[in-house]
Amino acid sequence: MMYAVAQFAAVFATALFIFSLYWMNDPKTARRGVVAGVTGMLVAVVATWVQPQIIHHGWIVVAIVAGFIVGVPLSQVPLTAVPQRTALSHAFGGLAAGLVGTAEYFLGLGENPAELTAFRMSAIVAEVILGFLTFTGSLMAAGKLQEVKWIPQRPVTYPGQNVVNIGVLVVAVGLGVVVVLHPTAPWSGHAFYVIVGLAVLFGVLLIIPIGGADMPTVISILNSYAGLSAVAMGFVLNNKLLVTAGALDGSSGLILSIIMCRAMNRSFTNVLFGAFGTVQKTAAIGEQKEWKQETVEGAAQLLEQASLVVIIPGYGMAVAQAQHKVRELYDQLTKRGITVKFAIHPVAGRMPGHMNVLLAEANIPYTALVEMDEINPEMPQCDVALVIGANDVVNPAARYKKDTPIYGMPIIDADKARAVLAIKRSKNPGFAGIDNELYVLDNTWMLFGDAKAVIGEVVKQLAGGGGLH
Amino acid sequence: MMYAVAQFAAVFATALFIFSLYWMNDPKTARRGVVAGVTGMLVAVVATWVQPQIIHHGWIVVAIVAGFIVGVPLSQVPLTAVPQRTALSHAFGGLAAGLVGTAEYFLGLGENPAELTAFRMSAIVAEVILGFLTFTGSLMAAGKLQEVKWIPQRPVTYPGQNVVNIGVLVVAVGLGVVVVLHPTAPWSGHAFYVIVGLAVLFGVLLIIPIGGADMPTVISILNSYAGLSAVAMGFVLNNKLLVTAGALDGSSGLILSIIMCRAMNRSFTNVLFGAFGTVQKTAAIGEQKEWKQETVEGAAQLLEQASLVVIIPGYGMAVAQAQHKVRELYDQLTKRGITVKFAIHPVAGRMPGHMNVLLAEANIPYTALVEMDEINPEMPQCDVALVIGANDVVNPAARYKKDTPIYGMPIIDADKARAVLAIKRSKNPGFAGIDNELYVLDNTWMLFGDAKAVIGEVVKQLAGGGGLH
Amino acid sequence: MIDSLMATQAVPAEPVAVDYWSMLFVFVLATFIGLGVIRRVSRLLYTPLMSLTNAISAIAVVGSIVVTGADYPRTIRIIGAVALFASMTNIVSGFLITDRMLKMFKKQ
Amino acid sequence: MIDSLMATQAVPAEPVAVDYWSMLFVFVLATFIGLGVIRRVSRLLYTPLMSLTNAISAIAVVGSIVVTGADYPRTIRIIGAVALFASMTNIVSGFLITDRMLKMFKKQ
Ligand SMILES: NC(=O)c1ccc[n+]([C@@H]2O[C@H](COP(=O)([O-])OP(=O)(O)OC[C@H]3O[C@@H](n4cnc5c(N)ncnc54)[C@H](OP(=O)(O)O)[C@@H]3O)[C@@H](O)[C@H]2O)c1
Ligand SMILES: NC(=O)c1ccc[n+]([C@@H]2O[C@H](COP(=O)([O-])OP(=O)(O)OC[C@H]3O[C@@H](n4cnc5c(N)ncnc54)[C@H](OP(=O)(O)O)[C@@H]3O)[C@@H](O)[C@H]2O)c1
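So the protein lines, in turn, are chains A, B, C and D. Residues 78 to 546 (this note's numbering) are what the first sequence spells out, left to right. Residues 78 to 546 (this note's numbering) are what the second sequence spells out, left to right. Residues 7 to 114 (this note's numbering) are what the third sequence spells out, left to right. Residues 7 to 114 (this note's numbering) are what the fourth sequence spells out, left to right.
One chain only, chain A, in its complex shape:
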């Protein structure tokens, strides 16, 4: 009976998880997806808990309560901290998988060595290696993103680094094979600890040479690993629900990282081993060419006279937390009958969909957000392209400068607009570390300063408060 309950719950929860992801195909149905996910999780937890072999309940309750105590505040972080939170969450997931794998091994060793078949042992080793490397790797990633002091932001490289890293992994896997073949030898327990230690180490080493800005892609790859470690746990526990849910998570991480890599025109290997971001900055072209500046008043006037304004937000908008001011600007312009569209580049910001959540937070209707492929044909009709803290995603060098790291990356054609207004704090380059000729084009005017402050003043100007200055 209880067996049937558990099995039925597994089928049911699997179906709910699939629907949960399916409903994410449209913002209108997406919240239903959360309900389906929560229900599936509840069903799975209850069906496991009621099984007769669960006889101690106290610690379970304590752990669940503790999970709530930590989980609720973690869900209230500001939206700019979402990448870190996601990384932290992967770390927790990896830790859980690694610990359960360890428990399984020592349980088998202590009580029923015959159960440690080659297949089960392989699954346990895979689970433990994937789990613990995801744990430390994600912690490091979270640290880099949070800009924690003792974790360097810039990639740290040294000669022979890749050899060392891959060496550590190879030793861990090799030792794993040995333990799979001799699971109950007197030294196997120690070997197992060494495997855990190497996985922990590898997670750290993997992230050290990767720049802070490459973290989103790395997080997605770690997401895949976390999913695969859940799959391995499913193999060990003969639990199909774990296998399906893990596979769903694994595919999600895989697809998102592929999307990011494609949109940046880079390969997986380049992200993981390319030490991107160490690129020596070339002398800023800005020094030779003329940067034209515009005043707040002039910018307000230019915007007022436009009939189509395309706003191109980038990482700078996120840093400045300027989205609410952008919303005010949007209101001021639409009030005047001006059409305002937001051009969203697939890798603008520092994580997939970054701009969309920020703008949604500021109550900008998602129907005003237009994807790159759709907005580009419209750019020649655009009167003012307002670039807010975006740089690489509007850099025309991507079209023809073969020696730059962004060569071949599709960009938003801001330079085709009749006029360009660009907001940034300095003449420094963006994430990829290369100059952007967009800023020195004939029809481009700069508004130097923090995005939030600058837009705030433009809004004041438009609202008629300009006289106060």
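I should point out that these hints are in silico values taken from the structure, not numbers from a laboratory. Keep in mind that this is a model prediction, so the values were computed, not measured. Keep in mind that a hint or two might mislead.
As the list claims (entries may be wrong) - In silico lysine to aspartate or glutamate, EDC-like type, Cα no more than 20 angstroms apart, as pairs: (1) C:K113 / B:D103; (2) A:K412 / A:E371; (3) C:K113 / B:D480; (4) A:K504 / A:E371; (5) D:K112 / A:D408; (6) D:K112 / A:D103; (7) B:K504 / B:D519.
Keeping the supplied structure of chain A fixed, place chains B, C and D with the ligands upon it in accordance with the hints.
Same frame as chain A, but now just chains B, C and D with the ligands:
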């Protein structure tokens, strides 16, 4: 070892079948889908054949050779006979499932009754009922489509028919439950035969009240049943490949029948129990209103002067086998620089995609075939809408006449074109048996006659051969 | 003997208990895949799709091979051979006609 | 005892042999579904998608519940409780933050 071979083959063949269907999403990759399907099938057959319990090979070879001898000619039928062939094929599939189920039951009964557990017996009974009802139902459907003499085309109805039909099914299922509970009683073998008999009977009774023209939907539903019987066989044989392939087939049948029902604005129940096609024909409006006729010369002139011609083919084009003449017409018109598009209604003809294959057979590029939703906004710009043997799919009554069976069905807006030329043989209504006011509109001109003949003459006229008459 | 029929692909050396829940799981997942994949099939190709799925569902042939070729009573094996013939016909005609139709779809 | 850990959900009355091929089958099918479903997710929602899959993959919680709650040695159960806490944190924060973000997406 052999076990692993079989299991690996099952995983591999499943993946191939999934890709096979996936590649059907585009005509460019579709033929690759066939290669994947054939490979999957080969892998599955070989992996089964090499299993050690297969010790007699002679009959297998004979049956396979016989399958080729019958199968190759069956694949060469003219395209108009494709619906019948599909139905016949479902009949074969149902027969195979039913026979294997029967063999399994009597094997268990004779040699190892303990294997006839409740679960297995339920699967066997489901397999046998689904298999045999699909067998006779599909044979009847094929007969109706082939217009075999001794199977009436029109629905045959009598009072209490639905009660009788459902009664037969209920008795079969009830007896099935009894046999599941007592698989080895002395009378169980006989009861099993009765179940088979009732399933055979139900297949016939199910089809009798359904009109020939509703057969495509029925065939799709039977396709689902054939898939489900394969799933049941998979449950009985503990074979996951059968389960997955059967589920793929089942979903395909389900989705196609849903698409057809939606496009006709009817429900499943209405198709299965509605006895559609018995509708009393109302007096043809044609007698009151004026039908204007056009000569072949006039039609040719009208077409020549157009700049956008939309051809709307229907069942009549298939009946007349006019597609090759249509191709010649297409060539004549495009040669003159006239844009020619084909408007394809989802249920034009008598099976999903019917028009597309016919036109593809005549080498018309599939880029010229436009779906209903895309062509309708263009219809007001269309100079001549040429309706070739289509009727219900262009009947404006669908928009407002609530008492007609097609009310609510989306149609191709032929009536919005600047002029309409319609080819049909008589003033008779189409499949749904209702009048079509399109034919008596002010800007409609009729070309009475067989579609192939009429278009042939128009083409001659356009090619300059008109003087020969 | 029925054993080997039951677990079609199992050889006595490595017997596996029939786990109906696994089968149900597989069925549910395969149905999801089926619905997802079929919904994306090009409308142009519905007719060849019907014959392709027809051929694929003739995978029931593996059941018939076992019934025909294993060490079973003669009548059982005759039933199996008929089923095998029926499935084989579907495989051959199904794939051939699908390919024949698909060959006709040309872009220009 | 390890038996009940192995087949997490099995009670001794109805033991089921671990069929790794079934698991592999399920894995392959689930991956197909995952790729199909994720590819259709709206681009607008990639950020919430990341936290949603995060929460779903915390299904590993069922493994931790067994390790924590069954009749195992104390150290094993402590390890299990830590894992359970970690998974639970992910479930709670993952679903909550996803919903919080999705609430922001409004049409007008
Ligand atoms: N989205 C993803 O998933 C993802 C993942 C991995 C990598 N990436 C990479 O991230 C980059 C994203 O491009 P992007 O154009 O959005 O950003 P970007 O190239 O990093 O440029 C950001 C710009 O914002 C400006 N800025 C920073 N803080 C600001 C503030 N407070 N106020 C005003 N301006 C400020 C900076 O100039 P100043 O310093 O002069 O102010 C900088 O030029 C791409 O290279 C992409 O490949 C994205
Ligand atoms: N495609 C599917 O999957 C499917 C499935 C089930 C049902 N249906 C139903 O089938 C109907 C299809 O609509 P439709 O407009 O294509 O066909 P239709 O409504 O059946 O009309 C066909 C027309 O073609 C004419 N015709 C017949 N033979 C001809 C010939 N040799 N030369 C010239 N004209 C000829 C007929 O008129 P004359 O007799 O005067 O010549 C008739 O008006 C719909 O009602 C649909 O619901 C379709």
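If any of the earlier hints don't hold here, list their numbers in rising order. Hints 2 and 3 not satisfied by this model.
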